[in-house]
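2 protein chains.
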Amino acid sequence: MEIRHYTDVELEDVDRTGFQGVKARYVITEKEGAPHFAMRVFEFEPGGHTSLHQHPEEHEIFILEGEGIAVNEKGEEFKLGPGHTLYIPPHEPHQIKNVSGRLMKFICLIPLMNR
Amino acid sequence: MEIRHYTDVELEDVDRTGFQGVKARYVITEKEGAPHFAMRVFEFEPGGHTSLHQHPEEHEIFILEGEGIAVNEKGEEFKLGPGHTLYIPPHEPHQIKNVSGRLMKFICLIPLMNR
Chain A
3 MEIRHYTDVE LEDVDRTGFQ GVKARYVITE KEGAPHFAMR VFEFEPGGHT
53 SLHQHPEEHE IFILEGEGIA VNEKGEEFKL GPGHTLYIPP HEPHQIKNVS
103 GRLMKFICLI PLMNR
Chain B
3 MEIRHYTDVE LEDVDRTGFQ GVKARYVITE KEGAPHFAMR VFEFEPGGHT
53 SLHQHPEEHE IFILEGEGIA VNEKGEEFKL GPGHTLYIPP HEPHQIKNVS
103 GRLMKFICLI PLMNR
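Read top to bottom, the protein sequences are chains A and B. Heads up: take any position in the first sequence, counting from 1, add 2, and you land on the numbering used here. Heads up: take any position in the second sequence, counting from 1, add 2, and you land on the numbering used here.
Be aware that a few hints might be false.
Identical copies go unnamed one by one, so any copy, or any two together, can satisfy a pair.
As the list claims (entries may be wrong) - No farther apart than 25 angstroms at their CA atoms in a straight line, the calculated lysine-lysine pairs in the DSS-like style are these: (1) Lys-107 with Lys-81; (2) Lys-33 with Lys-99; (3) Lys-81 with Lys-33; (4) Lys-25 with Lys-99; (5) Lys-81 with Lys-25; (6) Lys-81 with Lys-99; (7) Lys-99 with Lys-76.
FYI, nobody ran anything at the bench for these hints, they're computed from the structure.
Go ahead and model the full structure; you've got the sequences and the hints to work with.
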């Protein structure tokens, strides 16, 4: 077993088109030997957001801190706060925004599709 | 996308041999359409524990609240607290105990192996 504190893992900029103020720690990945899915802990600065984007991988999300909004392809908005869980199916367009004045942190799991 | 608060999901007893004071909420599973892995939120009562057990599925864990211990097959103990992440590889014997006087809560992901 491998144990560490998530803040001991490097916080990296997530530099993707349309993303702003988004950072992540890749806490359990292929490097640790994970065979099926990876755990990341995201940090969104106040006003930070992804684009409305989609991909073949589903997401399973648990909100740790802060207040945000999830947006679907119709532009409908859903509030997110601590303890909310979010399942985003494969290929479903989604956007995540931090609408609070402080950091938003959440856990986001994604399958390792190419293994 | 499907959003809910984890406390809105039923808290169920985990009734397995050698487990005591262990409950879980199955927050994202096959029922929600998850194709590859499931998210569960466990609650261990003070003194609650699993057996030392093993299975083909790996675990990816994030501690939310409380203080616990993870035990490996050599009997070595590792402290767990809020923000700790734990990767348990497939087939590796493991035991989790709550050693605090209050609830221990953690997220535990597991692959859906038979799909």
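Exercise. Against which earlier hints does the structure fall short, listed by number upward?
Worked result: 2
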